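*Asks:* Put together the whole structure using the sequences plus the hints.
Number of protein chains: 2
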Amino acid sequence: MGLKIRAKVAYDGTDFVGFQRQAAQRGRTVQAELEAALERVCQSRVAVVGAGRTDAGVHATGQVIAFEADWRHSLEALGRALNATLPEDVAVRDLEPCDADFHPRFSAKSRTYVYTAYVSAVRQPLLRRFAWQLEQRPDVAAMNEAARRLIGSHDFAAFGSAPSGRAEETTVREVLRADWQTADDRLWFTIEANAFLFRMVRRIVMALVRVGRGEYGPDEIEDMLESRDAQRIKGLAPACGLCLVDVKY
Amino acid sequence: MGLKIRAKVAYDGTDFVGFQRQAAQRGRTVQAELEAALERVCQSRVAVVGAGRTDAGVHATGQVIAFEADWRHSLEALGRALNATLPEDVAVRDLEPCDADFHPRFSAKSRTYVYTAYVSAVRQPLLRRFAWQLEQRPDVAAMNEAARRLIGSHDFAAFGSAPSGRAEETTVREVLRADWQTADDRLWFTIEANAFLFRMVRRIVMALVRVGRGEYGPDEIEDMLESRDAQRIKGLAPACGLCLVDVKY
Chain U
1 MGLKIRAKVA
11 YDGTDFVGFQ
21 RQAAQRGRTV
31 QAELEAALER
41 VCQSRVAVVG
51 AGRTDAGVHA
61 TGQVIAFEAD
71 WRHSLEALGR
81 ALNATLPEDV
91 AVRDLEPCDA
101 DFHPRFSAKS
111 RTYVYTAYVS
121 AVRQPLLRRF
131 AWQLEQRPDV
141 AAMNEAARRL
151 IGSHDFAAFG
161 SAPSGRAEET
171 TVREVLRADW
181 QTADDRLWFT
191 IEANAFLFRM
201 VRRIVMALVR
211 VGRGEYGPDE
221 IEDMLESRDA
231 QRIKGLAPAC
241 GLCLVDVKY
Chain Z
250 MGLKIRAKVA
260 YDGTDFVGFQ
270 RQAAQRGRTV
280 QAELEAALER
290 VCQSRVAVVG
300 AGRTDAGVHA
310 TGQVIAFEAD
320 WRHSLEALGR
330 ALNATLPEDV
340 AVRDLEPCDA
350 DFHPRFSAKS
360 RTYVYTAYVS
370 AVRQPLLRRF
380 AWQLEQRPDV
390 AAMNEAARRL
400 IGSHDFAAFG
410 SAPSGRAEET
420 TVREVLRADW
430 QTADDRLWFT
440 IEANAFLFRM
450 VRRIVMALVR
460 VGRGEYGPDE
470 IEDMLESRDA
480 QRIKGLAPAC
490 GLCLVDVKY
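Residue numbers (the working numbering), protein chains in the order written: chain U, 1 to 249; chain Z, 250 to 498.
Take these hints with a grain of salt, some might be off.
To be verified - Stretches of chain Z that chain U covers, calculated by requiring three or more beta carbons in the stretch to come under 8 angstroms of a beta carbon on chain U:
| # | stretch |
| --- | --- |
| 1 | 256-262 |
| 2 | 335-344 |
Claimed, not checked - Straight line, CA to CA, 25 angstroms or less: simulated DMTMM-like cross-link-like pairs of lysine to aspartate or glutamate:
| # | chain 1 | residue 1 | chain 2 | residue 2 |
| --- | --- | --- | --- | --- |
| 3 | Z | Lys257 | U | Glu135 |
| 4 | Z | Lys257 | U | Glu169 |
| 5 | U | Lys8 | Z | Asp434 |
| 6 | U | Lys8 | U | Glu174 |
| 7 | Z | Lys497 | U | Asp185 |
| 8 | U | Lys4 | U | Asp101 |
| 9 | U | Lys248 | U | Asp99 |
| 10 | Z | Lys257 | U | Asp185 |
| 11 | U | Lys234 | U | Glu222 |
| 12 | U | Lys8 | Z | Glu384 |
| 13 | Z | Lys253 | Z | Glu288 |
| 14 | U | Lys8 | Z | Asp433 |
| 15 | U | Lys234 | U | Asp184 |
| 16 | U | Lys248 | Z | Asp433 |
| 17 | U | Lys248 | Z | Asp434 |
| 18 | Z | Lys497 | Z | Glu475 |
| 19 | U | Lys8 | U | Asp101 |
| 20 | U | Lys234 | U | Glu169 |
| 21 | Z | Lys497 | U | Asp184 |
| 22 | Z | Lys257 | Z | Glu423 |
| 23 | U | Lys234 | U | Asp55 |
To be clear, the hints were calculated from the coordinates, so they are not data collected in a lab.
Keep in mind it's a predicted model, so treat the numbers as computed, not measured.
Cβ atoms here follow ideal geometry from the backbone N, Cα and C, with glycine treated the same way.
*Replies:* In structure tokens:
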């Protein structure tokens, strides 16, 4: 076949049912939009593989994809042609040739997500697609103290399930960074790990915000982790605040 | 009638044809959404007056409105009821009683708009609703030099027409602040004036970005101003970058 190419992809996840194409047609997926644009531009069917299978409503600024394509012009021209073809809520950049054995998911060394929240008694229409509204300011120092307990190699079974859904698969992940930053009424949680379980970031954010509200102490985060009990954490932070910002290889 | 109330309004202008209700039903307006919510909550027809008649696609974080309503509970409860009734792209806050002669437009001493742009060779889907994409970094120092020429009392006929459309109406306005700030790939233009002409901010932004691209020198902005010739400035910055952030009384 043609050349193997990798690229970065950004999308506004609001109007997608997720990154990954689904067997049953339940709505727009980023993968299907990318494949449709590639098929139109390259005049042949192209399969796209992504690094992270983001959920419905989750955004990306640094998703990584790879595909093989017959393309005789420059990769810059391919990028321009794709962006002219893609809907306005998806864009590709940084197209470059890659090894035939490069796999966006299996070759990845780490992924970084950022979760954004804002503190406001009243909802803010300009932030609603990209951030979670917290009605009262949480205790960010306590949230950071709890977040530190997550750093390192742990069994995160309490915070998510293996993506395959197979019980025998490991739920051990290594978290390299986990901290909250603030500016005015905004809060950002940055988490980097070798890989993530299904819904792990949104469950961690929910648990940490509960710490920030005084519902759990930072020590209870460690208890939850050790319990490996997925029933311990109630709820899930909304998808809109989550963004896949980087994948390292 | 009832109590006269003022409030601040924020909206994502993307899916509106503008703030002001239109004689012909051509799409959603912020005013009509506010009046519909007030009618539902107060159980009587309520007319809303706004400070600024923002265009289609223009946003607000600090629009000011006033209305008279029969309401027997607290204004905080009215705000909560309205926000529960309004669509998710509009929200009200800071409701307070005001004098019967308070008029959001005629009583205003100044308005402040912020225009947001970003520099990126590739469009960024997460910014598309709220910022103008500039493919190359403009010369911000030159833009600020040109912007300084606009400060003070001038006839801005070259940059817009009187809102009424009547030729005899003055096109003199007093600009109190006009400057660009930058952070990473973002640019913000903040402009405060006693009042604005129709499309004045977007025409000023377009002219200043042309200065930043080297198409005009900062002196030409002064020539344009003195010419009072609306034909001198080609084009209009896109509505999506513009936001009404504050109205002072």
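*Asks:* Against this structure, judge whether each hint is valid.
*Replies:* Structure-based check of each hint:
1. Beta-carbon proximity to chain U at under 8 angstroms applies to 3 residues in the stretch 256-262 of chain Z; the threshold of 3 is reached and the given coverage holds.
2. Taking a C-beta to C-beta cut-off of 8 angstroms, the stretch 335-344 of chain Z contributes 6 residues in contact with chain U, enough for the three needed, and the coverage statement holds.
3. Distance check on the hinted pair: Lys257 of chain Z and Glu135 of chain U sit about 18 angstroms apart at the alpha-carbon level, within 25 angstroms; holds.
4. At most 25 angstroms may separate the alpha-carbon atoms for a hinted pair to count; Lys257 of chain Z and Glu169 of chain U exceed this at roughly 53 angstroms.
5. Only pairs whose Cα atoms come within 25 angstroms are accepted, and Lys8 of chain U paired with Asp434 of chain Z is accepted, the gap being roughly 18 angstroms.
6. For the hint linking Lys8 of chain U to Glu174 of chain U, the alpha-carbon distance of about 24 angstroms falls within 25 angstroms, and the restraint holds.
7. Taking the CA atoms of Lys497 of chain Z and Asp185 of chain U, the gap is about 22 angstroms. The hint holds against a cut of 25 angstroms.
8. Using a Cα cut-off of 25 angstroms, the hinted pair Lys4 of chain U and Asp101 of chain U holds, with the two alpha carbons roughly 9 angstroms apart.
9. Using a Cα cut-off of 25 angstroms, the hinted pair Lys248 of chain U and Asp99 of chain U holds, with the two alpha carbons roughly 16 angstroms apart.
10. As the CA atoms of Lys257 of chain Z and Asp185 of chain U are separated by approximately 18 angstroms, the hinted pair is consistent with the 25 angstroms bound.
11. For the suggested pair Lys234 of chain U and Glu222 of chain U, the alpha carbons sit about 16 angstroms apart, so the restraint of at most 25 angstroms is met.
12. For the given pair, Lys8 of chain U sits about 18 angstroms from Glu384 of chain Z by alpha-carbon distance, which is consistent with the 25 angstroms threshold.
13. Restraint check for Lys253 of chain Z and Glu288 of chain Z: the C-alpha separation of about 15 angstroms stays at or below 25 angstroms, so the hint holds.
14. Restraint check for Lys8 of chain U and Asp433 of chain Z: satisfied, since their Cα atoms lie roughly 19 angstroms apart, inside the 25 angstroms limit.
15. Of the supplied pair hints, the one linking Lys234 of chain U and Asp184 of chain U is violated, its CA atoms being roughly 28 angstroms apart against a limit of 25 angstroms.
16. Distance check on the hinted pair: Lys248 of chain U and Asp433 of chain Z sit about 22 angstroms apart at the alpha-carbon level, within 25 angstroms; holds.
17. At roughly 22 angstroms between alpha-carbon atoms, Lys248 of chain U and Asp434 of chain Z fall within 25 angstroms of each other, so this suggested pair holds.
18. A hinted pair counts as satisfied when its Cα atoms are at most 25 angstroms apart, and Lys497 of chain Z with Glu475 of chain Z does not qualify at roughly 28 angstroms.
19. With a C-alpha separation of about 18 angstroms, the suggested pairing of Lys8 of chain U with Asp101 of chain U holds against the 25 angstroms cut-off.
20. With a C-alpha separation of about 23 angstroms, the suggested pair Lys234 of chain U and Glu169 of chain U falls inside the 25 angstroms cut-off, and the hint holds.
21. For the suggested pair Lys497 of chain Z and Asp184 of chain U, the alpha carbons sit about 22 angstroms apart, so the restraint of at most 25 angstroms is met.
22. Taken as a hint, the Lys257 of chain Z and Glu423 of chain Z pair is honoured in the structure, with Cα atoms around 24 angstroms apart against an allowance of 25 angstroms.
23. This hinted pair checks out: Lys234 of chain U and Asp55 of chain U have alpha carbons roughly 19 angstroms apart, not beyond 25 angstroms.
Hint compliance for this structure: hints 4, 15 and 18 are not met, and every other hint is.
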